[in-house]
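Let chain A serve as the given structure and place chain B on it in line with the hints.
Order-wise, the sequence lines are chains A and B.
Final position of the first sequence in the numbering used here is 336; the numbers increase by one with none missing.
Final position of the second sequence in the numbering used here is 1147; the numbers increase by one with none missing.
If you are wondering where the hints come from, they were derived from the structure by calculation, not from laboratory data.
Take the hints with a grain of salt, since some may be wrong.
Said to hold, decoys possible - Taking lysine-lysine and the BS3-like style, the derived pairs with C-alpha atoms no more than 25 Å apart in a straight line are: (1) A/Lys123 to A/Lys106; (2) B/Lys1115 to A/Lys123; (3) B/Lys1115 to A/Lys135; (4) A/Lys123 to A/Lys135; (5) A/Lys281 to A/Lys135; (6) A/Lys231 to A/Lys304.
Claimed, not checked - Computed spacing ranges between beta-carbons, pair by pair: (7) B/Ser1092 to A/Phe119: 40 to 48 Å; (8) A/Ala100 to B/Ala1055: 38 to 46 Å; (9) B/Lys1036 to A/Ile201: 17 to 25 Å; (10) A/Val93 to B/Lys1036: 50 to 58 Å; (11) A/Ala91 to B/Ala1055: 35 to 43 Å; (12) A/Asn225 to B/Gly1019: 34 to 42 Å; (13) A/Ala100 to B/Thr1097: 56 to 64 Å.
The beta-carbon is built from N, C-alpha and C at its ideal position, and this holds for glycine as well.
Below are the chains, spelled out letter by letter.
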Amino acid sequence: MNLVAAQKGSRKKRVSDTAAMSAPAYPPPYNPYASAVPGNMPPNMNMYDGRYVLPPPYTASPDYSRIHPSFPPADQGFSIPSQFLNEPLVANVAMQYGQALVGSGKQLVGQELEKYVPFSRIKYYFAVDTRYVTKKLGLLFFPFTHSDWSLRYEQDGPVQPRYEINAPDLYIPTMAYVTYVLVAGLVLGMQDRFTPEVLSIQASTALAWTVFEIIVELITMYITNIQTNLKTLDLIAYGGYKYVGIIFAVLLSILFHKTGYFIGLIYCSMSLIFFLVRTLKVQILPIGTSPSHHDPYMHNSGNKRRMYLLLFVAGIQPFLMWWLSFHLISPPVPKS
Amino acid sequence: MIVSRTTDASVLQDTDLAGPLVFCLALGAFLLLSGKVHFGYIYAIGVMGCLGIYALLSLMAVSAVTLGTMVSVLGYCLLPMVILSGINVVLSLQGLTGFVLTGLAIAWCSLSASKLFVTALFMDHQQPLVAYPCALLYGVFALITIF
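Next up, chain A with everything else stripped away, as it sits in the complex (with noise of 0.2 Å):
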């Protein structure tokens, strides 16, 4: 009787407990954004064993006060994972947790893309305005004036394009490709060769040639040994001027045909090579005299290769040209 009694005063010492535990910490139960504060815990887990016992969540908050509170047994595990990141405290965590996961993801996938394809350096040369871009499309059509090709540096690298002509840029020639690509369209409607397929085969022949030109130039530089300043980018950049007298030949050869082509494309052959040349004489021929780029080590070896590599590079300039649109052009009308 004694122990009876004993359990049964304990037993209602438990429930006293609990109600003296639950009833001050009982809020209106369903106020999901006002408990995110961790001090709230203990009504959270009243409320969640509330909702696992599956009273409606809107009854009367004594009926809580009579269940037990205790963890639910095991074969209801499964439930539990998407109850609990129901709570609105922990959904406030994951969704904190998943966005800083985000970015850093983003970070690392920005870093590994960098590896492969270097954006920092590629943005160096589209850093350019409006002035740079219409003087060099007048150098590039008229370089026989310009008297100083010489490229100011800064102390990590040359000068952003912006501020130095000479510099080469990666703008003017992606978009002389892209009007190349489509002028070669137009030209072709205008003859009645047009299809859509025909850009394409345009764009990718244009392209492969480039590529091919310039895995040919890296080549002659590594076999001949040759330390020049030159990176790929410049090659690309260089090698890409040359859609420019290609543009303006082609365009020549709507008006005047043939003769007009001709006309075009051996002017800005001239115009480019004197141009290439006497850019690159800056960059690949050592600067004799100066002091400030005096290397004793190989820097001045070589000389004749230098040349000749400058003669390659500037010489086949014309011949890409005439192969990449002498197609286009439109053959004389036969009068009948």
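Positioned in the frame of chain A, the structure of chain B alone reads:
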């Protein structure tokens, strides 16, 4: 969005893709009325042009470019093209007046698009450089409309 004399960067804070979509569908509808079924071409050129200009602008601009903003601006500036294709239903655009009108429409599209881009991305002295690729893109749309 009608071309205004002064634009400010806050216009681009809320990007919206519904307008551009409506304009593209209107362009397709007008082309349909003039007998050309070119929805696939519009879609393909639109996507490729947007990606190309997105790549170019993200390389040229100092501040970050989002694809959504860009598609929204390019789509809204398609309005003169839609008007041109509407005119094409009624008159034929292959004469001299047609070329002049087309040139005007392309110029209007690309100038307004480049103005919005330059204002939103704080690029200095680069508006003609941005206008040129936009003009190429809208020129391709004009080619579809006319021929």
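Here is how each hint holds up against the structure:
no. : hint                              : in the structure
1   : A/Lys123 to A/Lys106              : holds (19 Å)
2   : B/Lys1115 to A/Lys123             : holds (22 Å)
3   : B/Lys1115 to A/Lys135             : holds (22 Å)
4   : A/Lys123 to A/Lys135              : holds (20 Å)
5   : A/Lys281 to A/Lys135              : holds (20 Å)
6   : A/Lys231 to A/Lys304              : holds (21 Å)
7   : B/Ser1092 to A/Phe119: 40 to 48 Å : holds (47 Å)
8   : A/Ala100 to B/Ala1055: 38 to 46 Å : violated (28 Å)
9   : B/Lys1036 to A/Ile201: 17 to 25 Å : holds (23 Å)
10  : A/Val93 to B/Lys1036: 50 to 58 Å  : holds (56 Å)
11  : A/Ala91 to B/Ala1055: 35 to 43 Å  : holds (37 Å)
12  : A/Asn225 to B/Gly1019: 34 to 42 Å : violated (59 Å)
13  : A/Ala100 to B/Thr1097: 56 to 64 Å : holds (60 Å)
Checked against the numbered hints above, the structure violates hints 8 and 12; every other hint is satisfied.
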